[in-house]
Structure formats: structure tokens, C-alpha cells
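A.B. asks: Heads up: the sequence shown begins at 249 in the numbering used here, then just goes up one per residue.
Just so you know, the hints here were simulated from the structure itself, not pulled from any lab data.
Remember, predicted model here, so these are calculated numbers, not experimental data.
You may find that some hints are simply not true.
As the list claims (entries may be wrong) - DEER-style ranges, computed between Cβ atoms:
| hint | residue 1 | residue 2 | range |
| --- | --- | --- | --- |
| 1 | Ser341 | Pro302 | 51 to 59 Å |
| 2 | Thr538 | Leu468 | 40 to 48 Å |
| 3 | Ala483 | Ala435 | 37 to 45 Å |
| 4 | Phe329 | Ala422 | 51 to 59 Å |
Every residue gets a Cβ at the ideal spot worked out from N, C-alpha and C, and that includes glycine.
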Amino acid sequence: MNITLKKLEVAAAVARNGSIAGAAADLALSPSGVAAALDGLEADIGVRIFDRRPAKGVALTPAGRDIVSNAEAILQDMDSFQENAINWIHSLSGVLHVGCFATFSPLFIPPVLREFTRRHPRVTVHIHEGTGEEIEKMIQDSSVDVALTYDFVLRQNLPRESLAPAPTHVVVAADAPEAKQDLLRLAQLSELPMILFDQPVSRNYFLSLFREAKLTPKVLYQTQNYQTVCELVGAGLGYSLLNLRPPAELSYHGYRLVRRPLADKHSFPSVVLSYPAGKRRSRIVEVFGTLCRQHVRKVASEFTVSGG
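Construct the complete structure from the given sequences, taking the supplied hints into account.
C.D. replies: Printed below as a string of C-alpha cells:
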């Protein structure tokens, strides 16, 4: 038995066209070549696949329908195999170290990494999360190849590319009076208890908003944990200022949170892609950066609160 993919391809083409001449045109073969391939396949299997009717074309026999159906499945599998083989040959391989500001890592890293690993399964990716200062240090000492962070945590000499704005917003408990307002102002907030997100650079940024407005916030609690901020706000203990919002509006304890734009004109950070200075970017880094541009901009547009 000498069943070849070419013979299966011929049988599928004849069935698809309903004639030997039509199949010959599709496959760029002579009609006699198509007929010979069919004869060979039927001889290999020992079953008549087509009824050949002069001037009327061909018709599949009952057994031929099953055989052609199986042939088409085999050909489709072979196409998939060849496509995967080509992708494998052209896929990247190596190791990639990615730094990410811990607060927004859950928003950005999963969609980027899912697509990257699907396309380049031979690249091993290590995720390094940290505070703004920690990520900056990772970039400076080249312990990461690329990083996602806020622009305000970076020194001027570090290369960066702005991906998406992250306007500051106010988060309050759903049953707080402020939740009924469309916009909230710093002057109003300065009279209320504040839950301060106390990571070093973030703390300085949020407090600077009040200083610039010549106001002093009433900081009741301080925490370096983003989720703890949300839990304390949800419990009705105060408001907080944040940038990117999480997908869920419910806290761990089931408290519902409401987010409102900050009405005051203010400077706000951008999410940036940053690299070690003076280090040549590998093909892996460039490809990862391209996916970051696509996904981070899309995700950020869904998880920012604007309108101030």
C-alpha cells in the first residue's frame, strides 16, 4: 500500500469539483495525471471511491464519502502541522526578565504574557514585581531587560516610552455621601479622613496634589498594600486617591467601591515602558515591547477614571 498525501489531495479536489477536469485545473495537473492518481488510490485501498460517468463527471460512492471525509481531515491536520512547524522555526528562544510596578501588574502582565508565550513558547519569562523605587533600581542595574512602571518613578537618564495616561481618581465607599457626586475636589476631600497609599513615590505624589493646592489632607491610615487601601475605604473609614482601578468594584469583604474623577486640574503619571540605559535591546525585548504597546493601551483605557 502506497497512500500518499498527493493522492489524498487529488481525491479531495475531485470530490470538491465534481469532475476530474475541475480538479486538474485546481491542482495545476493534467486530467490524465489526476485520473492516474485516483486509480492508484483506489488500487491502494481496494475500494472504488468514485463512479465515473462520461460527460457527467464523477460521483462519490458510499464508501468514497467516508474515504474523502477522512482524507480531508488528514490534509487539514497536515496543514496545521506545517503551520506549527513554521511558527516553531521562526519563534524566538531565550530568557526575558520583565519588571513591573506591583500595583498594576495584575492588569497588564497577564494579557501581554498570554499572547507572548503563545507566539514564543521557547522564551522563558521571569516577572519581577516591586515598588516604584525597586523597579527603578532593577532597570538601573540591568537586572531586568524591560519594565512597565509609572514615569514619575524614573530618573531622567533612563529610556522610557509613554504608553497610557493614568489620571488620578477618588475612591469612596458606595454608601458614602461623596459617592452621589459626579466629581470631587481636593478642598472637599481635605476635610475628610484619608487612606493614604503609602508606597514611597506614590505617597509623595498624592500628598503633592494637596500641597500644590495649599491644602493639608487628614491622613487617618497609611498602608503600602493597594488592596488594604480598598478594604479600608470600602469599610467606610475614609477616601483614597489612586490611579488605575482594578476590574472589580467589590472588595474582599464585599464592600462596594465607587470611583469619581478628581475635578481639580492636576498633573498625573503615565504608564511607561522603560529599558536599561546603554544596553542593546534584543529581538525578544522588541517583540515583548510591541505587545505591551498593543495591550497596555487597551487595558489602560478600560481601567482609568477620567472626566476631571
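A.B. asks: Could you see if the CB distance from Phe329 to Ala422 stays within 51 to 59 Å?
C.D. replies: Between Phe329 and Ala422, where Cβ atoms are some 54 Å apart, the hint holds.
A.B. asks: With respect to the beta-carbon atoms only, verify the hint that Ser341 and Pro302 lie 51 to 59 Å apart.
C.D. replies: Check passed, 57 Å falls within 51 to 59 Å.
A.B. asks: Does the Cβ distance between Thr538 and Leu468 fall inside 40 to 48 Å?
C.D. replies: 44 Å, holds
A.B. asks: Lying within 37 to 45 Å: is that true of the beta-carbon distance Ala483 to Ala435?
C.D. replies: At roughly 25 Å between Cβ atoms, Ala435 and Ala483 fall outside 37 to 45 Å, so the hint is violated.
This entry does not satisfy hint 3, going by the numbered hints stated previously; all others are met.
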